[in-house]
Amino acid sequence: MLEARGLRKSFGALEATRDVSLALPEGARHAVVGPNGSGKTTLFNLLTGELRPDEGQVFLAGKDITALPPNARARAGLTRSFQKNNLFLDLTVRENLALALAIGERAGTVFWRRFERVPGLLARAEALAERVRLADVLGIPVRALPYGTQRQLEVGLALGIEPKVLLLDEPTAGMSAEETRAMTSLIAGLPREIAVLVIEHDMEVVFEIAERVTVLDYGRILAEGTPQEVRATEAVRRRYLGERAQ
Amino acid sequence: MDIADLATQSLNGLQFAMLLFLLAVGLSVVFGLMNFVNLAHGTLYMVGAFVGFSVATRTGSYWAALAAGPVAAALLGAAFYFLLLKRMQAAGPMKQVLVTFGLIFVGIDAVRWIWGEDSQSILAPTAFGESVQFLGLVYPSYRLFIIALGLAVALLLHLGLERTRLGAVVRAGVDDPVTAASLGINVDLAFFGVFCLGCALAGLGGVVAAPVLQVYPGMDVAILIPTLIVVVVGGPGRLSGAFWGALLIGMADTFGKVLIPDFSSFVIYAVMALVLLLRPSGLLAARHGS
Amino acid sequence: MIGDEDFRRHCVAAALLSAAILALVLSGYAGRDRLAEIAILAIFAMSLDVLVGFTGLVSLGHALFYGLGAYAMAAFATMLKLPAGLAIPLAVLVAALAAFLVGILAIRVRGVFFIMITLAFGQMGWAYFQRSRTFGGIGGISGIGQPDLDAIGLSLANPADMALIAVVAAALVYLALARVTASPFGRMLVAIHQNESRARALGLPVQSYKLAAFTLAGAVAGLAGVLAAERTNFVSPDLLVWTVSGEVLIMVIVGGLGTLVGPALGATIWVLLRDNLSALTPYWMLAMGLFFVAVVLFADEGLYGLTARIPWPKRRRPSDA
Chain A
38 MLEARGLRKS FGALEATRDV SLALPEGARH AVVGPNGSGK TTLFNLLTGE
88 LRPDEGQVFL AGKDITALPP NARARAGLTR SFQKNNLFLD LTVRENLALA
138 LAIGERAGTV FWRRFERVPG LLARAEALAE RVRLADVLGI PVRALPYGTQ
188 RQLEVGLALG IEPKVLLLDE PTAGMSAEET RAMTSLIAGL PREIAVLVIE
238 HDMEVVFEIA ERVTVLDYGR ILAEGTPQEV RATEAVRRRY LGERAQ
Chain B
10 MDIADLATQS LNGLQFAMLL FLLAVGLSVV FGLMNFVNLA HGTLYMVGAF
60 VGFSVATRTG SYWAALAAGP VAAALLGAAF YFLLLKRMQA AGPMKQVLVT
110 FGLIFVGIDA VRWIWGEDSQ SILAPTAFGE SVQFLGLVYP SYRLFIIALG
160 LAVALLLHLG LERTRLGAVV RAGVDDPVTA ASLGINVDLA FFGVFCLGCA
210 LAGLGGVVAA PVLQVYPGMD VAILIPTLIV VVVGGPGRLS GAFWGALLIG
260 MADTFGKVLI PDFSSFVIYA VMALVLLLRP SGLLAARHGS
Chain C
1012 MIGDEDFRRH CVAAALLSAA ILALVLSGYA GRDRLAEIAI LAIFAMSLDV
1062 LVGFTGLVSL GHALFYGLGA YAMAAFATML KLPAGLAIPL AVLVAALAAF
1112 LVGILAIRVR GVFFIMITLA FGQMGWAYFQ RSRTFGGIGG ISGIGQPDLD
1162 AIGLSLANPA DMALIAVVAA ALVYLALARV TASPFGRMLV AIHQNESRAR
1212 ALGLPVQSYK LAAFTLAGAV AGLAGVLAAE RTNFVSPDLL VWTVSGEVLI
1262 MVIVGGLGTL VGPALGATIW VLLRDNLSAL TPYWMLAMGL FFVAVVLFAD
1312 EGLYGLTARI PWPKRRRPSD A
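Taken in sequence, the protein lines are chains A, B and C. Residue numbers for the first sequence follow the working numbering, beginning at 38 and rising by one. Residue numbers for the second sequence follow the working numbering, beginning at 10 and rising by one. Residue numbers for the third sequence follow the working numbering, beginning at 1012 and rising by one.
Possibly wrong hints are sitting among the right ones.
The list that follows gives simulated cross-link-like pairs (lysine to any residue, SDA-like), each with its CA atoms no further than 25 Å apart [said to hold, decoys possible]:
#, chain 1, residue 1, chain 2, residue 2
1, A, K201, C, E1207
2, B, K266, C, V1179
3, B, K95, C, V1179
4, A, K121, B, K266
Anything over 12 Å on all C-beta distances counts as not near chain C; from chain B, calculated [claimed, not checked]:
#, residue
5, E126
6, L153
7, S274
No lab work stands behind these hints, which were simulated from the structure alone. Note that CB positions come from ideal geometry on N, CA and C, so glycine has one too.
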């Protein structure tokens, strides 16, 4: 579904991404792990089009999307959530989700009908809220929500455009243990039509949701395999898992 | 246009450029540090000129005016800073810009109220009262004084930026505010100092311009727009950007008036639009940028 | 939120319209002319609100399209002798087309740079009309002539009729823009204003929407310009100078960003303060400037926000049922 071939990206003398290749089949559950500064977020930005690679290509469903800007990639079915909450803060949860749905359906060319009266839009926003467990806070402005709830909406917005590939950038960052469990089960419960690529620091979360894991280190791939294989790799244990694996 | 005309116009262009530089440098560095544009910067220039005018009338001394104008502008700038800008940091740059936009109108009417509607002037100091002859040119010596003053200020600022501790903070602050703060430097205080220095230079510009241009309510807006253009063209946050931007706009404006008098006021806007389109963050920003 | 907010806006708009009708009936020659001016500036301010309040694009060159609409009207009427029925839509089209072309360039930059580039384009237009011999230079064009409205029993030379037409036009523009801004298209503009990068990440072609908003705002400003030319029977470069752009921005912000009726209220207050304060003191801009600063500092929703203090009846929303 999503494939990256030989991606390279440098910022001045710093090589942030060195020859990274990655393939996500339909319905994949794939995690990218690595220490801070290992190039995880740069890789995400290359995949979503916020950055252009110096070398290499990105394919979505077999089509080369390397030259497409982020909005065109999203239209083709690839979107992301953000590491820092990136929401429509002054609008309510219902409005946020309805906006994401409307963008996904390209409803913005309608300029005469009222937004709330687009057939089924609010009902679908409410159904989406149900899926990301936000049904209780539909009418609340996002700004007033607690951090963990905002993180759920972060995923909800991305789901709103019904993506084929969903990239989640540290979905549990800054969450309490309880919030992390809720988010993990939310991600685990995502429909299997969607391929999911997740950056995650919390190895317990990774082992629970990922079926494949890529370990990045200094911008290149250190190891790739099933969670069990990666866990067993000597280099990974030394470099990253460190004390946790011993 | 013969050689003598060309030389005269080049000097005129240089003189206007130096005036623009005095205004643009403060605006540009503050833009780079705090990410907002003080649209009331011209007001400080106008206040500097009017205070200079009052002092010159009372004392009869141009030099007293040249000292008083910058001080008045710096004090007013400090008041702006504490009463409004500092409190608005959380509100974001757009609100700060809008507030300073409102202050333009307040400034013009306050000046009309205090000093009246009439155009005033400050006499050039007697030392620079006449024209000088050199290389077959006759040129007002006061304008040469403006050029020299502008170049001197540019040199001093350059040395200050490169050689002093405050300069280091400012350079760090433009490139990376987080790092600057983590160096244990009182960034707020340094920014405040830079802001006041920029205001003082605007006030200086007002007094310096007074013998050449007139002193009147509304002179702030007349200079504000070319100054903003310099800042945009030069790219925010750079001393060198303000300098070369001022030179480009000063020359473009002067030669525009001579070569295409019908559409002279068009020229600087066209230059700015072109620069913004080719390099959306300023002509020189990319070359000197971080 | 959306439903109750709309109700309040329409109530304030209806109150404003009632006041206008009252003024139309009760006031004399000068009062009616002033009413026409208010209505025209209200249209101009509402057009800018689409950009500033809804899309978050702060323009300091909006008078360009106001002036272009007025000049186009004057040129079509005096030089080409087109009938008004053709000249008016063509003049609006000219403003829209100009906004489309300027917009393609201007939306490439953001934030403070957007303010600067719109200022530059506005001033380029002003400089052009000041020097253009075709369009009368500083003197502008006078004697535009007024369309023959005998068929419906009106004459634009009569301030009462001019005011009536301007007020009706303002009401229609309000209804149309309220509709458009409440539509999915309008909500996309709000999404861009709220969080441009997220809108883009979700797949919204942000630049196309910004360009559409810029063009729409330019077209409506052009309509205001057409009416302004008809009202004074005269156009000059003063219509395009940057202070006109600055003043209309003040009306929008003082009135209340992103509310449409707020900017109309702002235009009303602006003209009334200008005419009444300026009779009392020549320094009325000082008060206006301080008021503007206070609004920016303390009242996001401007004068319109004050109406929130009135205890409005709650309307039931279908989704609450």
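Evaluated hints:
no. : hint               : in the structure
1   : K201(A) / E1207(C) : 22 Å, holds
2   : K266(B) / V1179(C) : 46 Å, violated
3   : K95(B) / V1179(C)  : 45 Å, violated
4   : K121(A) / K266(B)  : 52 Å, violated
5   : E126               : 8 Å, violated
6   : L153               : 30 Å, holds
7   : S274               : 4 Å, violated
Hint compliance for this structure: hints 2, 3, 4, 5, 7 are broken, all remaining hints hold.
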